[in-house]
Structure formats: C-alpha cells, structure tokens
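2 protein chains.
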Amino acid sequence: MEKVRFGIVGVSNMGSVHARSFLEGKIENGVLTAVCDQKQDRLDAVTAYKGGGEVKQFTDHLEMYASGLCDAVIIAVPHYYHPQLVIDALNSGLHVVCEKPAGVYTKQVKEMNAVAEKSDKLFTMMFNQRTNCVYRKMREMVMDGTLGEIKRVNWIITTWYRSQSYYDSGGWRATWRGEGGGVLFNQCPHQIDLLQWITGMMPERVHSFCHFGKWHDIEVEDDVTAYMEFPNGATGVFVTSTGDTPGTNRFEILGNNGKLVCENVSETEDRLTFTKLKIPEREFNATYKGGFGEPEKEVINVETDGKNPQHVGILNNFANAILGLEPLFVNGTEGLNSVELMDSMLLSTWLDKTVTLPIDDDLYLAELNKRIAASRRKEAADVVLDTSNTYR
Amino acid sequence: MEKVRFGIVGVSNMGSVHARSFLEGKIENGVLTAVCDQKQDRLDAVTAYKGGGEVKQFTDHLEMYASGLCDAVIIAVPHYYHPQLVIDALNSGLHVVCEKPAGVYTKQVKEMNAVAEKSDKLFTMMFNQRTNCVYRKMREMVMDGTLGEIKRVNWIITTWYRSQSYYDSGGWRATWRGEGGGVLFNQCPHQIDLLQWITGMMPERVHSFCHFGKWHDIEVEDDVTAYMEFPNGATGVFVTSTGDTPGTNRFEILGNNGKLVCENVSETEDRLTFTKLKIPEREFNATYKGGFGEPEKEVINVETDGKNPQHVGILNNFANAILGLEPLFVNGTEGLNSVELMDSMLLSTWLDKTVTLPIDDDLYLAELNKRIAASRRKEAADVVLDTSNTYR
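Each protein sequence line maps, in turn, to chains A and B.
Position 262 of the first sequence, counted from 1, bears residue number 262 in our numbering, the numbering being contiguous throughout.
Position 243 of the second sequence, counted from 1, bears residue number 243 in our numbering, the numbering being contiguous throughout.
Source of the hints: derived by calculation from the structure; they are not laboratory data.
Incorrect hints may have been included.
What the hints assert, rightly or not - DSS-like cross-link-like pairs, simulated, lysine-lysine; straight-line CA separation at most 25 Å: (1) B:LYS278 <-> A:LYS278; (2) B:LYS289 <-> A:LYS214; (3) A:LYS214 <-> B:LYS353; (4) A:LYS353 <-> B:LYS353; (5) A:LYS214 <-> B:LYS276; (6) B:LYS297 <-> A:LYS214; (7) A:LYS353 <-> A:LYS370; (8) A:LYS297 <-> B:LYS289; (9) A:LYS214 <-> B:LYS278; (10) B:LYS278 <-> A:LYS289.
Stated by the list, open to error - Under 7 Å between C-beta atoms, here's a sample of chain A residues computed to sit facing chain B: (11) TYR161; (12) PHE209; (13) PHE212; (14) THR245; (15) ASN249; (16) GLU281; (17) ASN285; (18) GLY291; (19) LYS297.
Unchecked claim - If you want the ones that stay clear, here's a sample from chain A, every Cβ over 10 Å from chain B, calculated: (20) SER67; (21) ARG162; (22) GLU269; (23) GLY290; (24) PHE329.
Just so you know, even glycine gets a beta-carbon here, dropped at the ideal spot from N, CA and C.
Whenever a hint applies, use it, and build me the whole structure from the sequences.
So, in structure tokens, the structure goes:
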C-alpha cells in the first residue's frame, strides 16, 4: 500500500518533533516528503537528520501545497496563521493536521470550519492529549453513563510553570500581537479541549478572573480562575497559571452516580479514582429519611488500556484514516470549542462580567484588536529552547 | 483550686453535647451548674444524665445569668440570638463561649465585639477545628515563614452532604428567618474561619456564585463557588455544597517557598503534604536563564503533634484561661472575620458583582431583611436528629 505523503509547515519546536517522528519511522503509513519554513537553518536541521536527505525544502507554503509532493500537511506555525494555512491546504486538495489551538479568535476558526465542512479532505487537530488512556477512560465513563448526570467539574491545572527567561526567549512570545494570549492559548489548550471533550458539555455561562502579567513581565494572561455554568445546571472551576510551582494537576468530575478524580501523582503517572455510589445521589436525596447520612460508596482504582501514543498516535490515526483503514479520531472542527472557551475566559475579564456562550465573535475580535493595537514590540533574541517533555 | 462554674444556654444538639462533656468529667477545671432552654424535655435530658442531678434548670437566660450559679456561660442557640446572648452575658459579668457562627450579619457581630472589647471578662468562640493538629500545623507553617508569601489558596470542601430529610426535620432549618443562610452559615463556618486563621489573611475582594435551593427544596444557599483576591495579590477559590456526595475536602496553599496540601483521605484521616522548593519561586523566576525549568523540590509528609481535642479542648482552654493557667486560645472577637466572609459571599451573589471587604454592614442587613421578609414559614416537625460525628 502507498504511504501518505506529508509536508510540514513550520519546523520550529513542534514541527521539528513531528519531522523526526516521520524520519524515525514512527508513522507507519506516512512518509515525510516536504518541509516549509522561513528560516533556512530550521529546514536544514530536518534535511540533515538521518533519512531527511530526500525531504524537499520550501519557504512558501503555497508552493509546497502546489508541489504535488504532499497528500497531507501539518500546520505548526504561530497561532494566528493556523486557520488561513488550514484553509489554503484544504483548498489545495490536501488533508490537514493543525497544531493547537485551532486559532486565536472564534470568527477566524468558524471561517476555517466552514471550508472544512465543504471539503472532502480530512481535517484533524493535534489534540494529542485525547490519546492518553486516562482521559479516554474518563470520557468513556461519562459517555456510557457510569458517572451519571454531571453536577460539578473542577480542574486545577497549574503545572505550567514558566520563568521569565522563557518569555524573554522570543519576541513574539506572550504578546497579543504574536500569540494572542498567554497561558490559555499557549499552555492550556489541551486541558481546555479535554474539559469539553471528556464531559461532552460546553458551559453556557463563564465568569473569569484573568490576571495579565501577574507573575511575569508580559502583557498577556498568566493566571486564570474561571467559573462555569453548564446547560444541565452543573458548575465548575478551571484554575491555571504559569506562575505556580509546585503546580497542581487535579481534575474532578462529580456525577449523580459518583465522583471521578484524575490526579497527576508524579511527572509520569496519572491516578484515576472512581468513588461509586450504591444509590444515585438524586434518588437518595428524595427517598432517604434519616436526616444526616449519605449513600454507601465504593472506591475503585480505575484501570485503563495503558496506551498513550500522543502526537504519533494522532499522526498514525490520521494517515490510517486517509487510507480508509480506521475512523478519524479527532474531527478538526471541534477545535472551535476550546477557542470559544478560551475566548470566553478572556472576554469575561475584559468586560468584567459573566459572558454567555456562544460568544459574540465580532465583539471578541474588536476587544482583541484593541489589545493588539496597544501591544508592545519586544526586543528579544529568538532563542530556540529545548522543548523536550514540555508539551503534554 | 475552685473549678469554673458553667451554665449552658440551649441544650439541643450542640448544647447537650457540651453538657455531657462536663458531666463526664472531660473539662478538668470546669463544672456544669446550670442549663437554660425553652423546652422542658431538653432540660430534663441533662439533669437526668449521670451526675446531672445537681444542675439547676432555667427557661430564661437572664435569670440564669443573674442566678449567681455561673462564672461562665456557653451560648448554643440558633445563630441570630448569638450576639445578644453574648452581650447579655458579658454585661452580667460572665465569661462567655459562643457557638459558631458569631452571628448572621456583620452589624450585629460588631455590636457584640464592641461590648466584648470593653469587658474584662473572657470571650471565646467555639472554633473547635482550630484545635485540630493538622490545621494548627498549617497555620504554624504560614506564620513562621516556612511557606513564604502566599500566592494561591484553594479549598474544595464539599463533604457537607445533606439530604432533603435533614432540611425537613426543623421548621427553622435553611430559612432566611430561622438560620440566616445555608451551607455557609450552618455547615461551613469552621472552614471559613480556618481559611482566614491559617492564612492570616482576609480577602479584599470576593466574587461569589451562590445557588439557592439548587439541590434541595430550601430557600437558602446550598452550593457556593467563591473567588477571592487578597491584599498581597494572592487569589483563591472556595467551593462548598450540601448536594455533593462523595464530597471532596482538599485545601491547598501555595506559597513562594512551596505548596501545602491538606487532604481528607478518609473520614478520620487528614494528610498534610509540603512540597518544598529549594529556591523560592520569585527568586527562581528572576534569576533562572534556561527557559523551561522549575526549582528543585522535595516532598515532605508533615508530622504534627497528633492532638485534636476539638470542643473539649476549647472548653478546657477556656476554663484554664479564666483561672489564669494558660492563655486564651481563641479570641472571640475574631468570629467577625468568618461572618464577614460568609456575608460577602452572599452579598456578591445578591448584587451580582464583586464586593470589597469590609462590606457595607447596613447594605448587607437591608438585603438580608428583604429575604427574611419573603421567607416562607415551613410546616415541619421539630425532629431531633442524631448528630454524632456530624459536626467537625
């Protein structure tokens, strides 16, 4: 069988990781044929890698798209360019994988989704954390009714510590003009996506307390506490920061049938615990006559399939889906949800009020543009950092 | 040495527990001499208890105060009566212990504190949870600088489950007129007090999302998510509910030197963990040059003195303090802080905006009075519930 031929747009941090995955043979039904970047040294780093000699270099993504060398492309450029490069790829008849986030503002992402929905090409988002066995299991337990109707969702995810030197390493980092946001857009898009994917719910109201440059000399948010209300009456809290160390990664979902807690107990281990009620809470509440008292419960250490293929899992699935060998795992248009959530959190703080979802796309863009207009230009060396084990 | 002679006003749930503590000889330097209640059966239950035959019965607290039988009194009546009965006691020349909360609204508590500050008698609050070795240790580690400047405080305390039958057991329960609040005023005053006592900080701004009768057929709040901002820039979240089971009791304080986490790992065990940084975070942030990276850390299972004398601890300390044998552990006027916090949480939701502390006492009372005026009168049997192990 022919392998799917991949091109990568942007071979800086994440793009170069993907390039090496292909060159190391980790993508069974995919082969790297082309890379595109504006920096020659980055292109050379890929083609100098073992087996990279056959990979064609481009500095213009449209040229690469039109080259006939690719069946699919991976978009790994700064956030603002994601939607346009995805649209260009789909319009060029290419399948496309987009790095997170789908974009910075909902209006742009909706335009991308409109093109994707009309296209017969496959479109996926690099939501590699969805491949984590623990998160897949959590979603399964929500979707199959094990947990029952969700009542509360609390995620404290403050394990995204960054020091000032991180922010000083790139002039575009942590600016409204360069990244369009801070911890939400750069560190947290996975958790924001998982929140809605695992629960199967988007909040209908968000009230958020974002702090801008609280712990660092930056202009974007580096500390966020968001309160959410869901259509079914559930509420939730999402707390994140790049200023906390030691951080916390603790995600609890309370349902009518019990409570699911995912705790990051070490850098490599997540523990999933389900405390199961013998009688659903709503039934107990209505029928119990003893005043004080709770339903009996049982604590279960949840087992998973142990598989956590991350980025190569997404790429293998994508190549296989293109070849018709398996269904597509992540529908790329779902990237809108996390952008909508992140935008709602910023918008609530900017407006100092509760916002309802879906947000007003034009209002958000207008508010963002105000901040871009006032965005400072940082003078900073464009340092390439060692990102090993820093993306999750 | 003469023992301190105690009277108790209100010998329903908590008052009867205190009465038995005296009669069982648990208060070394205290003796029960009088009890006051409007219900004869409750008075009889105390005097029929072993050794209770000498205890004098009263139905009017002022008569008991004037009887010459008491050096000190314990106030264990419904919340609204606390301040007036404390004031009457102090004005009668008696030392006084008040059950939590200090009152329902700040204006009333300030009037009580003004009297207490002029009095030469001792006044304490039954903040028995402050005697818990784990909470004492946490406060010690904040106060002695071990934790460093506090940056974040998150307490999810949802282990206060109550079923509808609890609320149906008393006509006064969970009404604005009868209790003046719900989970905050009845279940959570201890945690609210501990929050400010352990951290040594009161927030300067509170934005709260209270839900009234969300999980039960009641008119007061049974679900609260509060966001707090402290004068030093720290932020925090406090989440409580009587609708969650299995609940969570997890209290984390992040400081510049590390993170302290208290987790209720079973019904009888709290685990206290300190993850200590080798370099304080603010210093690391300013000096580290590597981009990605965090200070090295060490996980310490914190040992405590293991003592947790609870209510009898407060009463023994109080009797001893009256006799000049040891310093008073809890200054009763500190009860204002938890009332101010609880009031701010309700007020923020009532006004649908962030409130600054100290709150406007008159505005709070006016808002509360609106709700008392509209308060429904419940027709319910006044059932005595078995409260064993339900107060913490």
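(message) The hint names A:PHE209 as touching chain B; please verify it with the least Cβ-Cβ distance against 7 Å.
(response) holds (6 Å)
(request) For the pair we were handed, A:LYS353 and A:LYS370, check the Cα-Cα distance against 25 Å. (result) holds (18 Å)
(message) Tell me if the interface restraint on A:GLY291 is satisfied: Cβ within less than 7 Å of some Cβ in chain B.
(response) holds (4 Å)
(request) Assess, step by step, whether the Cα of A:LYS214 is no farther than 25 Å from the Cα of B:LYS353, and give holds or violated. (result) Judged against 25 Å, a Cα distance of about 22 Å means the pair holds.
(message) Hint A:ASN285 vs chain B: min CB-CB distance below 7 Å?
(response) holds (5 Å)
(message) Given the hinted pair A:LYS297 and B:LYS289, is their Cα-Cα distance within 25 Å?
(response) violated (49 Å)
(request) Against chain B, does A:SER67 hold up as non-interface, every C-beta pair farther apart than 10 Å? (result) holds (35 Å)
(request) Measure nothing beyond the straight line between the CA atoms of A:LYS353 and B:LYS353; if it is 25 Å or shorter, mark the hint as holding. (result) holds (8 Å)
(message) Against the 25 Å threshold, does the CA-CA distance of A:LYS214 and B:LYS278 hold or violate the hint?
(response) holds (22 Å)
(request) Under 7 Å, Cβ to Cβ, is where A:PHE212 needs to be relative to chain B, so tell me if that hint holds or is violated. (result) violated (13 Å)
(request) Compare the distance between the alpha carbons of B:LYS289 and A:LYS214 with 25 Å, and conclude whether the hinted pair is satisfied. (result) holds (19 Å)
(request) Below or equal to 25 Å on CA atoms is what counts here, so check B:LYS278 against A:LYS278. (result) Measuring from Cα to Cα gives roughly 45 Å; hence the hint is violated.
Hints 1, 8, 10, 13, 15, 21 and 23 from the list above are not met by this structure, while the remaining hints are.
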